[in-house]
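Chains as they are written, first to last, in my numbering: chain D, 1 to 421; chain V, 422 to 849.
Be careful, since some hints might not be right.
Partner residues aside, some chain D positions facing chain V, computed with beta carbon under 7 Å [said to hold, decoys possible]:
id: 1; residue: Thr24
id: 2; residue: Tyr71
id: 3; residue: Asn149
id: 4; residue: Gly153
id: 5; residue: Asn254
id: 6; residue: Val353
Source of the hints: derived by calculation from the structure; they are not laboratory data.
The C-beta atom is built at its ideal place from N, Cα and C for all residues, glycine as well.
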Amino acid sequence: MRINRTELGENIGFTSVADEKFKTCSVYVRFMTPLDPENAAANSLAVSSLSASSSALPSVAALNERLSSLYGSALGSFSRKRGDIQILGLSASWICSRYALEGEDVESEMLSLFRDCLFSPDVTDGAFSAASFRITKNDLLDHIDAEMNNKRGYALDRASEIAYAGEPAEFSCCGTRASAEAVTPESAYSAYLRLLSTAQIEIYYVAPEESKAVPEMFRREFSAIERRSQKCTFRAVSPAKSEPVTVTEEMDVNQCKTVLAFKSDSDDIYAMRVMSAILGETPVSKLFVNVRERLSLCYYCACRYSPAKNTLFVDSGVEKANIEAAETEILRQLDEIRNGNVTEDELESAFLVLDNSLAAVGDTPSSYSSWYFERFCDGIKIDPKQQSERYREVTKERIIAAARSFRLDSRYYMTVTEGCK
Amino acid sequence: MVKNVITSKVAGESCIHVKHDSGLDIYICEMPGFSTVEAILGTKYGSVNTMFRTAGDEDFTTVPEGIAHFLEHKLFENEDCGVFELYAKTGASANAMTSFDRTCYLFGCSKNYTENLRILLDFVQKPYFTQETVDKEQGIIGQEIQMTSDSPEWRVFFNMLRCMYRSHPVRIDIAGTQESIAKIDAPLLYKCYDTFYNLNNMALSIAGNVRADEVLAICDELLRPCEDNGLETVFPDEPDGIIQPEIREKQHIGKTIFNLGYKCRPYSGEERLRMSMAASLASAILTDASTDMFVSLLESELINSGFGAEVFFGDGWSALIFSGESDSPEKVRDALFAEIERISREGVDEAIFRRIKRSTYGLLIRELNNVDAVANIMLNGHLDGVGPYDAIDIVSALTAEDINNFIKNELRNDNTVLSVIEKEGGSQ
Numbered sequence: 001m002r003i004n005r006t007e008l009g010e011n012i013g014f015t016s017v018a019d020e021k022f023k024t025c026s027v028y029v030r031f032m033t034p035l036d037p038e039n040a041a042a043n044s045l046a047v048s049s050l051s052a053s054s055s056a057l058p059s060v061a062a063l064n065e066r067l068s069s070l071y072g073s074a075l076g077s078f079s080r081k082r083g084d085i086q087i088l089g090l091s092a093s094w095i096c097s098r099y100a101l102e103g104e105d106v107e108s109e110m111l112s113l114f115r116d117c118l119f120s121p122d123v124t125d126g127a128f129s130a131a132s133f134r135i136t137k138n139d140l141l142d143h144i145d146a147e148m149n150n151k152r153g154y155a156l157d158r159a160s161e162i163a164y165a166g167e168p169a170e171f172s173c174c175g176t177r178a179s180a181e182a183v184t185p186e187s188a189y190s191a192y193l194r195l196l197s198t199a200q201i202e203i204y205y206v207a208p209e210e211s212k213a214v215p216e217m218f219r220r221e222f223s224a225i226e227r228r229s230q231k232c233t234f235r236a237v238s239p240a241k242s243e244p245v246t247v248t249e250e251m252d253v254n255q256c257k258t259v260l261a262f263k264s265d266s267d268d269i270y271a272m273r274v275m276s277a278i279l280g281e282t283p284v285s286k287l288f289v290n291v292r293e294r295l296s297l298c299y300y301c302a303c304r305y306s307p308a309k310n311t312l313f314v315d316s317g318v319e320k321a322n323i324e325a326a327e328t329e330i331l332r333q334l335d336e337i338r339n340g341n342v343t344e345d346e347l348e349s350a351f352l353v354l355d356n357s358l359a360a361v362g363d364t365p366s367s368y369s370s371w372y373f374e375r376f377c378d379g380i381k382i383d384p385k386q387q388s389e390r391y392r393e394v395t396k397e398r399i400i401a402a403a404r405s406f407r408l409d410s411r412y413y414m415t416v417t418e419g420c421k
Numbered sequence: 422m423v424k425n426v427i428t429s430k431v432a433g434e435s436c437i438h439v440k441h442d443s444g445l446d447i448y449i450c451e452m453p454g455f456s457t458v459e460a461i462l463g464t465k466y467g468s469v470n471t472m473f474r475t476a477g478d479e480d481f482t483t484v485p486e487g488i489a490h491f492l493e494h495k496l497f498e499n500e501d502c503g504v505f506e507l508y509a510k511t512g513a514s515a516n517a518m519t520s521f522d523r524t525c526y527l528f529g530c531s532k533n534y535t536e537n538l539r540i541l542l543d544f545v546q547k548p549y550f551t552q553e554t555v556d557k558e559q560g561i562i563g564q565e566i567q568m569t570s571d572s573p574e575w576r577v578f579f580n581m582l583r584c585m586y587r588s589h590p591v592r593i594d595i596a597g598t599q600e601s602i603a604k605i606d607a608p609l610l611y612k613c614y615d616t617f618y619n620l621n622n623m624a625l626s627i628a629g630n631v632r633a634d635e636v637l638a639i640c641d642e643l644l645r646p647c648e649d650n651g652l653e654t655v656f657p658d659e660p661d662g663i664i665q666p667e668i669r670e671k672q673h674i675g676k677t678i679f680n681l682g683y684k685c686r687p688y689s690g691e692e693r694l695r696m697s698m699a700a701s702l703a704s705a706i707l708t709d710a711s712t713d714m715f716v717s718l719l720e721s722e723l724i725n726s727g728f729g730a731e732v733f734f735g736d737g738w739s740a741l742i743f744s745g746e747s748d749s750p751e752k753v754r755d756a757l758f759a760e761i762e763r764i765s766r767e768g769v770d771e772a773i774f775r776r777i778k779r780s781t782y783g784l785l786i787r788e789l790n791n792v793d794a795v796a797n798i799m800l801n802g803h804l805d806g807v808g809p810y811d812a813i814d815i816v817s818a819l820t821a822e823d824i825n826n827f828i829k830n831e832l833r834n835d836n837t838v839l840s841v842i843e844k845e846g847g848s849q
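The shape of chain D in the complex, shown without the other chains (with noise of 0.2 Å):
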């Protein structure tokens, strides 16, 4: 495996990894924003339609007819938030040409196909195609509206807003749904220039072989761009309020759902990580090993470490009638960890585990754009190797401390309508 990042212009990186086991090629390309509820809905739409149709392929239908016609390429948009940062990307995949089985250059007809929806959209008189965008923007209003249909990704999201109520990260990286709304044609292609023109971006290339001809492509596109961006802050600590903030939903559900955010002003970004496989990331985590199976409290108890935001989320599903005493329970493991109760089984344990997802990286195309992305967001420069040595470093005491360090800031429970069920 060769890696190497270059940079293309002013705050735009590219990464190529050239792994030949891989049978497939795939691009990505992130751009970077601070995330303002005022533009979320319109950026989202924005990228959205460059994976609609093109100026070369106008129409939602000429454009998939393309990407069947070359083995079923994959064409895709993406919108998430990592803090207070709106990444979207657009991304494809395609077989390697060597597998065509009349002798097609997929790779090419690929590439310039992926370069004419980036660069060269769907767009009239400073619009995007109305056709395609009215497909696009339904699609993201009823993905709005579907988010309730999750219940437990619904809580997160829920929770997630009321810990940090007053900062970008409150907000969805999709905008409401009156903000998706209001977006036009017009509105949706000036958030694509403003995009193009200000924000950070990181594209990743990641094949069988290296390849000159496609950062030459993103180089030469991006030279005729007008380029004025800043670099984000990818890391924006959340501060605990002064008292813990409860809100209680109730829904017609037969499984209430309860989520604890707790936030922590520590730097020590390895010894949180350890420190939440610990408690809540695995079947051998105390989480899961006493609310659920030693006591029975609750069907699903997790936890999850957001670095961005310096926060713990802890969820987990479970019947009314022990909402109070699975919480006392959580509140009590992370106890434990503050006071020193971790074994060296548990230690290891967790170191082992995050060895193995760390080994993992490089088996699929996306583990090592989604991994070395995170790191560059870090600004971290390190290999998965070196990662799982700082993990390695870690000390019992670091991860007593990194536990006393999280304060509890917020709880959220979605419970039972009284009389439903």
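Given chain D's structure and the hints, the job is docking chain V onto it.
Quick look at chain V alone, frame taken from chain D:
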């Protein structure tokens, strides 16, 4: 021990198949350059297998709904400790799953694969059930049943199956019900274990950064030879036709969702694979985003880009299921009815067929890029009675006429069920 190398001429890939002396079928794919290992030990035993007997039994045994899933949970507990505790010492990510017709135990790791394989082969061959642990598990699975009943995707799917199948146990929830799992006890679990966890009814699939000789040495050491027990599973006669064509339910959700299922005739072995690939191509043609029907539905906002289809074929059942989000699912049904009638009359467009076939081939090639996918392809192929690469060869051989025949013979409008989970307070 009989050892074969299986090769796909089209994709140029190969794997090893061993019929082990213990009775177990073993598939190994060495994947140079990959770091991870995925191993799956599966048995042909799922939620539909509620009635069975072995060569030594005079009568068939009928067991409570949800017992295969219950057994999967309980097998994760040894006499001394939980299986997760053993994997915690190696760092592997371990899991298990029960579907309609199979139960699988798996691990994924980047290190210590030989030790993980030992854990897997050991605990699956060493059941330990007591009434006390069975009682405790009833509470945990009861909560799982509660949780899945809040999932609109789960509800819409099982509501559809209950309206589609009158007798076949595919209509029951994989986890059973609170009432059915209350009837499960330790002796019943042992009975099911002894019947279905016979190595002649199982397969091991392992792919990634492995060496075949190491895998086989561990298998030789740990697998305990099993006599073929002459297992026989039966299903109640399932009549042609459906029970009711439409079912609706309201839930506290943000967007109305639907499943539109076409009940098809059941198939087995290679014929099932051929028909399922024909179904897969037919569904890809019907949901292709470049067709007039799809574009018309999109533009009129009756569907969004998430509209798609799933081929749902198994032991005694077959269905093609269209799904999506829509405020007017009945209009989507009308459009599909009209399109299927048109294709039945005129045949599929040859150019679209060739394009979709090429696209499906590309997707199959892409799966070979992935360690998890390769392990699953080998295991699922065996449990379905076909070879790991047969799907690629069958797709290559399919003709437009095969697709026309599938659409004409299997997609009958009078054999469909529309299941809808409506948003509470919605406009329908």
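Against the structure, the hints:
1. Thr24: holds (6 Å)
2. Tyr71: Tyr71 of chain D check passes; min Cβ-Cβ to chain V is 3 Å, inside 7 Å.
3. Asn149: holds (5 Å)
4. Gly153: violated (11 Å)
5. Asn254: Constraint on Asn254 of chain D satisfied, holds at 4 Å.
6. Val353: holds (5 Å)
The structure fails hint 4 only (numbered hints given earlier).
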